[in-house]
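Asks: Residue numbers (my numbering), protein chains in the order written: chain U, 1 to 164; chain A, 165 to 267; chain H, 268 to 1021.
Certain hints may be false.
[As the list claims (entries may be wrong)] Covered by chain A, according to a simulated footprint, are these stretches of chain U (three or more residues, beta-carbon under 8 Å):
1) 45–53
2) 59–73
3) 132–140
4) 145–159
In case anyone wonders, no lab produced these hints; they're calculated from the structure.
In this text, a Cβ means the ideal position worked out from N, Cα and C, and glycines have one as well.
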Amino acid sequence: MMVHTTVFIVLGVVTLGAALAVVTSKNLFHSALFLMLSFVGVAGFYVLLEAPFLAAVQILVYVGAIAVLIIFAIMLTRRLMAEDLVQRNAQWVWSALGALLLFGVLVVTLVQVNWPVVEAAVPEDSITALGQDLMGPYVIPFEAASILLLVALVGAVIIAREEE
Amino acid sequence: MAVTLYWYLIVAAALFCIGLYGVLSRRNAIGILMGVELMLNAVNINLLAFWRYQTPSVMTGQIFAIFAFTVAAAEAAVGLALVIAIYRNRDTVIIEDINQLKE
Amino acid sequence: MQEFFFNISWLIPLFPFVAFFVIILFTQGNRKLSHSISIASMGISWLIGWGVAFSAFTTAHLEEHPIHFHIDWFPIGSTWFQIGTWIDPLSAIMLFMVPFVCLMIFIYAVGYMGYGTDEVDPNYSRFFAYISLFAAGMLGLVVSENLLSLFISWEIMGLCSYLLIGFWIDKNYPDPDQITPREAGLKAFLVTKIGDLFLLLGILYLHSQTGSLSYDVVFSHGVLQTLAENMVTLPLLGTWSAASLIALLIFGGVVGKSAQFPLHVWLPDAMEGPTPVSALIHAATMVSAGVFLVVRIFPLLNIVVEMEHHNPAMGFIAFIGAFTAFFSSTIAVAQDDIKGVLAYSTISQLGYMIAALGVGAYVAGAFHLITHAFFKALLFLGSGSVIIGCHHEQDMMEMGGLREKMPITFWTFVAGGFALSGFPIITAGFWSKDEILAHAWHEFLHEGVVSWPFFVWLLLTLAAFLTAFYTGRQIWLTFLGKPRGHHAEHAHETPFSMTVPLMMLAFFALTLGFVGIPEEIVGHGNNWFHGFIGHEYPATPLSVPVMLLSALLAVGGLFLSWLVYGRKPLAHGEMDPLERGMQKIKLGWLYVAMRQKFYFDEIYQATFVQGSIKLADIFYQIDYFWVIEPIVRFVAKISRLLSKGTGIFDTIFIDKLVNMIGRVGVIFSDFLGVVDNKVLDGIVNSTGRGGVLLSFFSGLTDNKVIDGIVNRIAEVTGWIGVKILRPIQTGKVQNYLLVVLVTILALLGLYLVY
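Go ahead and model the full structure; you've got the sequences and the hints to work with.
Replies: Structural data, given as C-alpha cells:
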C-alpha cells in the first residue's frame, strides 16, 4: 500500500510539475519536451489504475505521435520561436486567477460529493473484454471513430498542403 | 494512506486547470494546442479513475477513454495543420494577431 | 410464387438506389446509357413491386398477418435497430401505384429533358441519377418496417426534392421578385425541415415510450393501449394521451411534407423544377409520402377513438385538412400558370386525404391517395407536354386552341381533369372523393350540425365545387378557342416517349375507381378495396344525397366554367371573365388576393424571415449598444457626474465652510475686541490667523485630496471601460474563452452557494 501511495505521489508531482513547465516555459521547444514527460506521467497513472492497454496507447499516441507532431510543427514555424519573444499574452494574470479559482471550485465540489466506490478487482482478461466490447456493442461508434480519423487525416493533408 | 478516487480526481482537476491556463495565456497557437492536450489528458484520467473505482467489471469507461484518444488525435492533426496553414498565409502563429472575428 | 416475391421485396428500393450511384459515378458522360440504367432499374423495381402487390392481393388475411422480414441493423446500447420490409395491404397498394407512376415519369422524362433534340439538358445524366435516388427513397419508405428507416427514406426524398427543384441552378429571371429554381429548392428544403423536426420529435418520443420503432411492436394492440392510457399534461395545451401526442407530432412532419396549411408555401414554388419532378413530387412520391405516413400511424389515432369514443387530435387533423382543401382551391381558381393551378389543386387534394383520415375514413383516405396519384401524375405530365409543345410557355392566357394541335395530350388531359373534378361514374376521382364526402357527412349526422365534422364536410363540399370549376377553366383556357400567343400557334404534339405514359396513366385515372365502389351499389363483399385494405374499419355507408350532390357539383362546376371560359373563348390580352365579374360585384380585391395566394409568402417574409433577421439585429444591438457601450458610457457618465458633484460640493460647501470659519473668526475677534481689545488681542489675532490657516489647509485638501479622488475615480472607471469592457470585444478567441471561464465560474459559484 505504501508503495502504491508513494508511486502515486511521485507520479503526481512529475505530471503536474511537467504540466506547469509546459504552460510557463519561455522556450516552446522545452514546453513540448515537458509535455512528453507529462504524458508519460499520465501513462503511469493508467498503470496504477490497472489499465495497461490504455497506458500503452497513451505512450504510443500521445508521446509517440502527438508530441512528435507538435515538435514537428514547432520546427516548421521555427522562425517565430526566438527566445526573446514574449510567450504570455496580456491577460495571463486573469487567466491564472481564473484557472486557480476553477481549481478551487472543482476541489471543493469534488470533496463534498461522496462518490460511490466499488471494491472490486479488475477482471483478469480485461484487454480481451475490451477488444470484444469494441467489436461488439460498440462497433458502430468504433467505425465512426475510424471514419473520423480518416476524415481528419484527409482534412489535415488538405489544409496543410502547399497551394500550387 | 491508501490512494482513493479523490486523489485522482484532484490530480485530474489540477491538470485540467493547468491546461486551461495554458490555453488562455499562451500567445503561440502551438502552445495553446499543448494546453488543450493537457486538458484532454485530465479528462481521460477522470474517465479511467471512475471506471476503476466504480465499474471495473464493465469496459465502458476504457472504451470512452479510447474514443477520447481518437478525438484528441484527430484534433491534434487538424489543429496543427491549421497552425501550419495560418503560418503559411499570414506569417505568424501569434494568436493575438489573428483576430478576424472582430471584423 | 407469392413466397418468392415476398422474399425479394427488399430489392425494390435497391435497384434505383444502385442506379443512382452507377450513374453519378460512372456514366455521367453517356446520356443514353444513363437513362437506360435509370429506366431499367425502375422497370425491375416495378416488376417486383407489382409481383409483390399482386401476391399480396391474393393473400388471405394479410391485414392481420402482414409479411414481415427483418434483420438486426445496428446496436444501440442494449437494443438493436432493425431493418427490413413490411408488406401489409397499405404497402401493397402503394407498391401497385408508386413504381408504376415512377416508371411512367421516367420514360416521359426522356422526352421532356430533350433527349435526341438540340434542346437536351446539359445535366441530363445527373437528372436521371437524382430521380432514381428519389424513387429509391419513396420505395424504401413504402416497404420499410420501422419508423427509423422510414425517416431516413423521408430525408433522402427531402434532399432529392432540394436537388431536383433547384435542378436548373443557374436560371435567373429578369424580374428580381420572381423566385428562381435554386431559391425554390432552398425554400422547399427549409420549410419541410420545420415539419421534419416535429416528425423526429414524434419518433423519438415514440421510441422513448415503447423502446422500439418497428411497426409490429408499436402497432400491436397492447402497446397502443398503453400509449393511449399514458396521459401527459403539457403546459398551455392541456392533457393528452401519449398516443395522440405522438400522432400529432408526426402529423407535424406530414404538414410540411404534404404541404398542408400553414407550411404549404413551398409546393407552388417547387414548380420551378422540371415538370417530371413536379409530377414525381406532387403525385407519386413526396407529398403522398406524407399522407401515407398518416395512414401508417392511423392505429395511434384510432386506439384513442376506440377507448374514449372521440379524439380531439383527429378533429384538429381533419380541420387542417379541410381548411387546406378549401382555401388552396380558391387560390387555384385565380392562377394563370398551368402548373400553378395544378400545384394548388394538389395541396387541396392532399387536404382532402388528410381531412378524410381526420374524420376516421381510413379506407377513403387511402383510396383517394392512390387514385389521386394516378390522375395528378397524368395532369402534370399533360401540362408538361403542353409546355414542351408550346416551347416552354406556361401562361394559360397565352395558350388556347391546342385541341387540334395536340390531340393525345388534350384527350388524356381531359380524362385527368375530369377525374380530378370527380366527374360522375366514369372517373376514379368521383368514387374516392365521394367516399370522403360521404364519411364526413356520416360523421356530421352522428355529431350534429354545430360540430367540427359539419364544417369539415361543408369546406370539402365547397372545395369539390371549386375543384371542378378551376379544372374546367384550365382545360377550356388551354385547349379550346383560338391560340392567343405565337407559341401556341406553333405548338406541336410531343414525342411518343411522352404521350405513351400519358395514355397509360389516363387508363388508370378513369378505371381505378371501380375497385372501390360502395357495397350498396355493387353488392355485399364486392367493394374489393375496402375488403382488402381495411375490413376491420367500418365501411362508409352510402349516402345517396351526398353522392348526388357531389355529382351535381362536379358537373355543375365544369359546366359553369364552360359558360365562363369555353362558350366564348377569350381573346388575346382579355381580362379573366371571373375577375371582371368579381369586380362588378365589388369583389375585385378578393380575386387579387386569390391570385396573390392570399399573400402567404409576403406574410411569412414579413414575419418569420424579416423577424428572424430583426431578432438577430436586436440581439446585436443589445449586445453592442445596450450592454457593452452603455456600460462604458454609463461608467464614464457616473464618474463625470461624480467629479462635477464633488466640484460643486467643493465650491459650495467646502468654500462656504472655510469662509464661515474665517468669518466666525473675524466676528469672534470683533466680539472679543469689543469685550477687551487690549488683553485678548493676541488670542484674537491668532484665532483669525488660525482661521486663515484652516482655510488654506482646506483649500489644500480640496485641491489635492478631493480632486485627486475624483480624478482617480474617473481614471479607474475609464480604465475599466477601456481596459476591461472594450477588450471584451476584441475578436481574440482567448479573451472570449476567458469570459466563458468567468461565466462558468460564476455559475458554479451560484450552484455552490445555493
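Asks: Take the hints in turn and mark each one as holding or not.
Replies: These are the hints, each one checked on the structure:
no., hint, in the structure
1, 45–53, "holds (count 7)"
2, 59–73, "holds (count 8)"
3, 132–140, "holds (count 3)"
4, 145–159, "holds (count 10)"
Going down the numbered hints, you'll see the structure goes against none, and every one checks out.
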